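Q: Here are the chains, one letter per residue:
Protein chains: 2
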Amino acid sequence: MKIIVAKMAGFCFGVKRAIDIAFHIANEKRKGVYTLGPIIHNPQVVEMLTNKGISPIEDLETKRDIKALIIRTHGIPIGLSKKISSSGYEIIDATCPFVKKAQHYAKLLKEEDYQVVILGEKNHPEVKGLMSYANDNVIIVDGKTPLPKLKTRVGIVVQTTQSIETLKKVLTEAIELANEIKVYNTICNSTALRLKETEKMARKVDVMLVVGGKNSANTTQLTRLCNSLSVPTYHIETSSEIKKKWFKGAKYLGITAGASTPEWIIKDIAERIRDIGG
Amino acid sequence: MKIIVAKMAGFCFGVKRAIDIAFHIANEKRKGVYTLGPIIHNPQVVEMLTNKGISPIEDLETKRDIKALIIRTHGIPIGLSKKISSSGYEIIDATCPFVKKAQHYAKLLKEEDYQVVILGEKNHPEVKGLMSYANDNVIIVDGKTPLPKLKTRVGIVVQTTQSIETLKKVLTEAIELANEIKVYNTICNSTALRLKETEKMARKVDVMLVVGGKNSANTTQLTRLCNSLSVPTYHIETSSEIKKKWFKGAKYLGITAGASTPEWIIKDIAERIRDIGG
Numbered sequence: 002m003k004i005i006v007a008k009m010a011g012f013c014f015g016v017k018r019a020i021d022i023a024f025h026i027a028n029e030k031r032k033g034v035y036t037l038g039p040i041i042h043n044p045q046v047v048e049m050l051t052n053k054g055i056s057p058i059e060d061l062e063t064k065r066d067i068k069a070l071i072i073r074t075h076g077i078p079i080g081l082s083k084k085i086s087s088s089g090y091e092i093i094d095a096t097c098p099f100v101k102k103a104q105h106y107a108k109l110l111k112e113e114d115y116q117v118v119i120l121g122e123k124n125h126p127e128v129k130g131l132m133s134y135a136n137d138n139v140i141i142v143d144g145k146t147p148l149p150k151l152k153t154r155v156g157i158v159v160q161t162t163q164s165i166e167t168l169k170k171v172l173t174e175a176i177e178l179a180n181e182i183k184v185y186n187t188i189c190n191s192t193a194l195r196l197k198e199t200e201k202m203a204r205k206v207d208v209m210l211v212v213g214g215k216n217s218a219n220t221t222q223l224t225r226l227c228n229s230l231s232v233p234t235y236h237i238e239t240s241s242e243i244k245k246k247w248f249k250g251a252k253y254l255g256i257t258a259g260a261s262t263p264e265w266i267i268k269d270i271a272e273r274i275r276d277i278g279g
Numbered sequence: 002m003k004i005i006v007a008k009m010a011g012f013c014f015g016v017k018r019a020i021d022i023a024f025h026i027a028n029e030k031r032k033g034v035y036t037l038g039p040i041i042h043n044p045q046v047v048e049m050l051t052n053k054g055i056s057p058i059e060d061l062e063t064k065r066d067i068k069a070l071i072i073r074t075h076g077i078p079i080g081l082s083k084k085i086s087s088s089g090y091e092i093i094d095a096t097c098p099f100v101k102k103a104q105h106y107a108k109l110l111k112e113e114d115y116q117v118v119i120l121g122e123k124n125h126p127e128v129k130g131l132m133s134y135a136n137d138n139v140i141i142v143d144g145k146t147p148l149p150k151l152k153t154r155v156g157i158v159v160q161t162t163q164s165i166e167t168l169k170k171v172l173t174e175a176i177e178l179a180n181e182i183k184v185y186n187t188i189c190n191s192t193a194l195r196l197k198e199t200e201k202m203a204r205k206v207d208v209m210l211v212v213g214g215k216n217s218a219n220t221t222q223l224t225r226l227c228n229s230l231s232v233p234t235y236h237i238e239t240s241s242e243i244k245k246k247w248f249k250g251a252k253y254l255g256i257t258a259g260a261s262t263p264e265w266i267i268k269d270i271a272e273r274i275r276d277i278g279g
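Quick mapping for you: the protein sequence lines, in order, are chains A and B.
Everything in the first sequence is counted per our numbering, starting at 2 for the first residue and increasing by one.
Everything in the second sequence is counted per our numbering, starting at 2 for the first residue and increasing by one.
No wet-lab data here; the hints were simulated from the structure.
In this text the structure is predicted, and so the values were computed from the model without any measurement.
Treat the hints loosely; a few may be bogus.
To give a feel for the contact side, a few chain A residues facing chain B, derived at Cβ under 8 Å [stated by the list, open to error]:
no.: 1; residue: Leu-168
no.: 2; residue: Leu-172
no.: 3; residue: Thr-173
no.: 4; residue: Ile-176
no.: 5; residue: Glu-177
no.: 6; residue: Asn-180
no.: 7; residue: Glu-181
no.: 8; residue: Ile-182
no.: 9; residue: Val-184
no.: 10; residue: Tyr-185
no.: 11; residue: Asn-186
no.: 12; residue: Lys-245
Even glycine gets a Cβ: it sits at the ideal position worked out from N, Cα and C.
Chain A with its partners taken away, still in its complex shape:
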């Protein structure tokens, strides 16, 4: 069986940067450094980092020895950021620079008195962060339900992992409702490219393996895509989940992975399959 690994599989720019920051600090063996929430949606990486002394906490009240907090790629609401600083903790900001940009634009749109519309998932941490930079009356839209009534001047900013198709849909709806629209296309290309490559791969192979955290939105999105193309697809986190029977009769196996999946997990999986005679 021939194994093909997607070129765009694994860490995107922002995740790679955040992981580098976290492991750099771990290697310095500093005490009292935590990540606010899991650094990325990958349990294996979180465990590795915990073993090196940097564990995730869910809120500021959990630990007493906090000295510094690493902010993960999705970013945090501005209020929380102020609370951390006023608690006397150092902020080590690993927010993805593309998310930072989106936050900056959300703030700008608010300052320019636009009615701010965020295209994204309302419960996603990135969107919660963006909301705090816009204003209280910000509107969150997902492109699935029609837009509500809008004001005359509308400013649009986009969760970095949204698709350009959804943005186009929202734009064409909004231009019928508002007289003036200022829109920042803050979509990060890496998500779109990864989906595109995965789709192409899934159409050619007999079996697909999608590697990444079960709690990773962009990994489950890859799984959904492959399933929709009717190729047998398995979403796994590590090589231990692999079953030999999946590959019976298969000539080509495709492996793709979410933005929060480290390369060593992907390599480990490919090796494991070769070991079991896949």
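Position chain B against the provided structure of chain A, taking the given hints into account.
A: Just chain B now, kept in the frame of chain A:
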């Protein structure tokens, strides 16, 4: 035969306003007042106005006794406006207020350092006016050919008579090419409503009469629309062009008219048809 006249037929807000201004001045019997180009694209109205002492001139050099110039609904380039003023002539500005708004936005986009894109017909006087308020490197797009390469920050303004569908098309293309778009929807609703009503009417009647200047873009647009719906359609300027044979066997006749067609011409046509036993 039943005659149905479109409710939206005839003068739009901007044209009605310009004609009111011109006839008001004509009634004052002021000397040396001209319109720069025909006040509207309707030869009959232009003739009436000429008979009352206000005739159109094509450029500033044509006449020696110019005292004041009436600017028509489409507006004029800012350079020409300055030239008129510096020549010592009074400007009587009958530019449509909606066009004025579009000019203002074009200027604003230029001042905010956007690459200005105008959606419109490049030879239309309104677009030539808008261009002058934007800048020299302004891009004119018509929604028919793909957009050229764009800069990072793009500002879009729209010729008032464009369709919302074309704007949507241009917007969805542009958002793939630029990171930031500021768009002013300067489309005037009356064009869209007139087209919509005409389409509905043309689907129900046996014959359509489209009334208006042969040189009027929005009138010929109505004719094109009716022709595309396969209803026998006649574009006329006045009642003298009517032929009895057009209505043979017809039970319903629909009459629509462009934005530059005065009500009295439409009424005259309806009466003429009744006279000839239509």
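Q: Run every hint past the structure and note whether it holds.
A: Structure-based check of all given hints:
no., hint, in the structure
1, Leu-168, "6 Å, holds"
2, Leu-172, "5 Å, holds"
3, Thr-173, "4 Å, holds"
4, Ile-176, "6 Å, holds"
5, Glu-177, "6 Å, holds"
6, Asn-180, "5 Å, holds"
7, Glu-181, "5 Å, holds"
8, Ile-182, "5 Å, holds"
9, Val-184, "5 Å, holds"
10, Tyr-185, "5 Å, holds"
11, Asn-186, "5 Å, holds"
12, Lys-245, "44 Å, violated"
Checked against the numbered hints above, the structure breaks only hint 12 and satisfies the rest.
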